[in-house]
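Please construct the entire structure, taking both the sequences and the accompanying hints into account.
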Amino acid sequence: MGRQLLLLRHAKSDWESDAPSDFDRPLAKRGRKAAPKIAGWLKEQALTPDRIISSPAERARQTTLAVAKVIGVQPAKVRWEPKLYEASVETLLSVVRSCPSARHRLMLVGHNPGLADLLEWCCEDGTPGLENVKVLPTAAVAVLSFDSSWRDIRRGSASLVDLVRPRELGKRGLA
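Quick note on numbering: the sequence shown equals residues 1 to 175 in my numbering.
Source of the hints: derived by calculation from the structure; they are not laboratory data.
Note that the Cβ used here is the ideal one computed from N, Cα and C, for glycine as well.
Hints are not guaranteed to be accurate.
Cβ-Cβ distance ranges computed for the label pairs, FRET-style [as the list claims (entries may be wrong)]:
1. R167 - P113: 13 to 23 Å
2. A19 - R155: 28 to 38 Å
3. S148 - A19: 37 to 47 Å
4. P100 - W15: 31 to 41 Å
5. R155 - K33: 31 to 41 Å
6. R151 - W80: 21 to 31 Å
In structure tokens, the structure reads:
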């Protein structure tokens, strides 16, 4: 049976906040609007994950909680994974490869450049048409499809099913 991996970059963070560190930076107003908007698209597409694995950084945590609420994922199905903060492709892959095979749809919520690098690493044909644009801007979600088990994911083994940015949803007639 095929697998789907949803890569969700955290929504727009507040660079003007009084957060004591980058890790503690919360969502900006724009981010608080974008997270439920992208979640609405996920719900319309019936893309509810079996498990959400999220960075515990405040902006990723807030994004995850907003998305989980809209798509109906219970808190017990969210795993807060410290390794996802500032993660490399290798670290992200180790997290995905450690998932039980019974999970058919996973969502990773994290940060760039790691998520964008993982997207490009996984896609067999790269990310066509995205050469001069930010592949995963804030609150964007990529839907990848694999024919292999999680532990057998290899470079180029995924197909990019969809890549959605919140600002595009109006153009798709979904906002």
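Hints versus structure:
no.	hint	result
1	R167 - P113: 13 to 23 Å	holds (21 Å)
2	A19 - R155: 28 to 38 Å	holds (36 Å)
3	S148 - A19: 37 to 47 Å	holds (39 Å)
4	P100 - W15: 31 to 41 Å	holds (38 Å)
5	R155 - K33: 31 to 41 Å	holds (36 Å)
6	R151 - W80: 21 to 31 Å	holds (22 Å)
When the structure is compared with the earlier hints, no violation turns up for any of them.
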